[in-house]
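One line per chain: the protein sequences are A and B, in this order.
Residues 1 to 246 in the UniProt record's numbering are what the first sequence spells out, letter by letter.
Residues 1 to 443 in the UniProt record's numbering are what the second sequence spells out, letter by letter.
FRET-style restraints, in silico, Cβ to Cβ:
hint: 1; chain 1: B; residue 1: Lys234; chain 2: A; residue 2: Lys215; range: 27 to 35 Å
hint: 2; chain 1: A; residue 1: Pro43; chain 2: B; residue 2: Lys374; range: 43 to 51 Å
hint: 3; chain 1: A; residue 1: Lys245; chain 2: B; residue 2: Lys374; range: 36 to 44 Å
Calculated cross-link-like contacts (lysine-lysine; reagent style DSSO-like; alpha-carbon spacing at most 30 Å):
hint: 4; chain 1: A; residue 1: Lys216; chain 2: A; residue 2: Lys187
hint: 5; chain 1: B; residue 1: Lys248; chain 2: A; residue 2: Lys5
hint: 6; chain 1: A; residue 1: Lys216; chain 2: B; residue 2: Lys248
Just a few of them, taken from the derived set where beta-carbon distance is under 8 Å, the chain B residues facing chain A:
hint: 7; residue: Arg19
hint: 8; residue: Arg21
hint: 9; residue: Arg63
hint: 10; residue: Val64
hint: 11; residue: Arg65
hint: 12; residue: Ser66
hint: 13; residue: Phe67
hint: 14; residue: Thr88
Treat the hints as calculated values from the structure; they're not laboratory data.
All C-beta atoms in this analysis are idealised placements derived from N, C-alpha and C, irrespective of residue type, glycine included.
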Amino acid sequence: MTSRKTVLVLGGSSDIGRAAARAFAKAGYDVGLAGRDIAALEPDAADLRARYNIEVGLHKFDALDTASFESFVGGLSALPDVVVSIVGLLGVQQNAESDFAHATTIMRSNYEGPSLILGLFAEKFLVRGNGTIVGVSSVAGDRGRASNYVYGSAKAGFSAFLSGLRARASRGGVHVVTVKPGFVRTKMTEGMKLIGPLTVEAPVVGDAILSAVEKKTDVVYVSGKWRLVMLIIKTLPEAVFKKLKF
Amino acid sequence: MTLVSGWGRFPVVDSDVLRPRSFEAVGEAVAGMAGSVARGNGRAYGDAAIGAVRTIGMTGFDRVRSFDPATGRVRLEAGVLLSDLIDTFGPRGFLPFVVPGTRFVSVGGAIAADVHGKNHHCEGGFGRYVDSILLRTGQGEILEVSREQNSDAFFATVGGMGLTGVILEATMRLRPVETGWIRERVISASDLDAAMRALDAGDAVTYSVAWIDCAARGRDLGRSLIYLGEHAGKDELARDAVAFPAGKNPGLSVPIDLPSMTLNRYSIRAFNELYYRMGARRAGGSHVVSLYPYFFPLDSIADWNRIYGRRGFLQHQCVIPEQGARAVLGEILDRVSRRGDASFLAVLKKLGQGDGILSFPLPGYTLALDFPLKGDILNFLDEIDRLVVAAGGRLYLAKDARQSRATFEAGYPALSRFNAIRKSLDPACNIRSKLSQRLFDEV
Ligand SMILES: Cc1cc2nc3c(=O)[nH]c(=O)nc-3n(C[C@H](O)[C@H](O)[C@H](O)COP(=O)(O)OP(=O)(O)OC[C@H]3O[C@@H](n4cnc5c(N)ncnc54)[C@H](O)[C@@H]3O)c2cc1C
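Take these sequences, add in the hints, and give me the full structure.
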């Protein structure tokens with residue numbers, strides 16, 4: 001056991017997960033990486049140990065297997081100080097329109113799984129009396145768009161869950177952060193047309209997550225430009241919005 | 001297909017760009033189609049990092065595999081940037097032995113070009129500190145190559161411009177340092193003779209480089225500022241200074257392509273006059289500066305290549321053997337200053353012997369110049385090349401976009417040995433870049 005702070009990253013093999021783990025490790029945290037495939041996390045664990053001389057633990061975690069959540073949390077050797085969920089799945093909107101199974105997977109990966117697991121951590125943190133919870137949601141949850149509303153609606157649900165959880169948990173000393181990245185250049189967005197000035201690299205998101213935790217920010221739009229863009233999009237009347245190709 | 005270019009933004013060509021996520025996927029990308037080459041962070045100026053058909057982006061491979069804090073030996077994936085290495089291991093007391101003029105280059109790119117720093121004259125190039133390389137050849141093998149094991153492939157890969165295969169990982173030594181500060185001494189030289197004498201006098205100093213005002217003519221031809229540097233120890237820092245200063249991300253950036261009017265002989269001359277005078281005022285004593293402005297003066301402005309306008313620019317970097325260098329350098333600088341449209345500043349420095357078979361450095365002086373791409377610049381540079389070849393010199397492949405095959409062959413006499421090794425590693429010639437199509441005997 002060390003006296004250092006600990007962070008647990010759920011979805012640790014994603015680009016944003018790796019970036020977040022690096023940001024925390026650099027700041028002196030010991031890190032837990034959780035994901036479906038432990039072997040795939042090994043190289044990242046080695047990277048963090050070599051760079052920052054910290055302790056890194058690996059944990060098997062599947063966000064769709066909600067039945068395992070209790071034992072997952074119970075099986076941790078210690079509760080982390082910070083838990084970050086980067087879990088998510090973009091999926092393919094067109095397929096989701098007619099394929100129930102695909103739509104369900106998108107909904108469960110972005111809403112059900114992340115909400116339930118973070119809710120569970122919140123209960124434990126409230127008992128302990130401290131802790132920070134970070135959920136990576138998306139600007140896509142701010143308003144449903146024709147091009148990705150299955151994903152967007154699940155993110156909307158997740159954002160609402162986090163804001164409610166924050167309101168309740170803050171009274172018990174537990175802080176909840178909602179992160180809304182816009183376009184991030186990652187595996188997930190590879191091959192998509194991203195708008196240059198609104199696009200950030202994964203390390204920028206990693207640093208933003210760390211800074212939100214340290215400064216106790218509630219909601220972070222990773223690029224400040226998005227806050228404005230989404231403000232405008234949210235306030236457009238539905239009659240106008242539905243005509244936009246967006 | 002995507003439009004791809006190097007840092008100089010010339011040439012711009014269509015290539016199929018892939019970003020593999022695993023070493024197996026790299027293998028598939030190479031094997032799947034003849035005509036691919038690895039690309040690091042795209043800081044080579046011309047066409048070296050553009051595949052004949054397919055370009056394999058490597059910056060996603062950015063993991064450190066292991067680090068030994070006792071020896072500074074590190075094993076890493078080829079896409080790790082030197083900026084990342086400096087940020088990560090600098091505060092732990094280690095820096096790369098060799099850094100080029102920008103820190104935004106990948107380890108793979110630094111090995112492939114065997115990059116030189118301001119210390120080449122006494123400490124050699126990047127490859128000298130690389131112990132082994134994990135190489136994916138064009139034939140499909142994954143080889144560990146080092147000075148002892150597959151040494152031909154090792155010395156062809158160091159400086160081999162990606163043509164022996166894709167570098168997946170490397171083990172290299174880092175330099176132990178007490179601080180991230182450099183003790184710098186600036187010398188002003190009133191002409192080319194004085195500049196060359198000052199560089200010669202700096203032979204025993206670890207870092208040395210001269211910035212030449214290439215707008216100066218006549219008696220002032222070659223007037224320059226020489227920057228000498230040594231790593232500063234802890235005891236040389238002010239009491240409240242941090243041992244390792246933080247590197248800032250580029251603050252300014254050039255948001256658009258400036259109209260090519262912005263750079264003209266008047267603006268260049270005015271800038272250079274100011275630069276020289278400001279530098280000359282600091283000349284004489286020594287002072288301590290952070291490693292970032294010392295090694296990477298241009299990195300503080302992101303996307304500075306856009307100041308040359310949309311058509312891009314060419315860099316011309318030659319090395320001239322020591323014997324007779326004075327006359328040739330004088331002639332080149334004279335022609336450049338008469339034209340009046342070259343870069344703000346030219347860089348002159350001394351090099352030692354290169355390590356790789358195709359490494360650029362040879363004992364002598366290297367001169368680097370930027371030219372906006374316009375007018376008859378291509379013909380002009382062909383003329384300069386004739387002077388270089390006649391003097392037994394050569395051009396740097398990492399900066400080249402236009403030299404002729406004849407110039408290349410004259411400058412690199414070990415080429416046939418390189419080709420033989422390359423052929424044994426990749427008989428079908430699957431690895432092929434736009435540069436190799438242009439300069440090597442292939443389609
Ligand atoms: C501002 C500036 C200053 C510079 N100063 C210097 C200097 O002082 N000294 C110096 O020597 N150079 C200098 N350079 C050039 C630069 O160091 C080299 O071009 C270097 O190779 C760029 O690295 P990169 O990762 O961007 O590689 P790229 O430009 O992407 O590629 C360069 C070459 O490396 C090969 N390559 C890249 N990655 C791999 C890999 N994984 N496996 C196999 N081959 C690979 C490519 O095929 C290509 O041939 C400078 C460049 C700039 C823009």
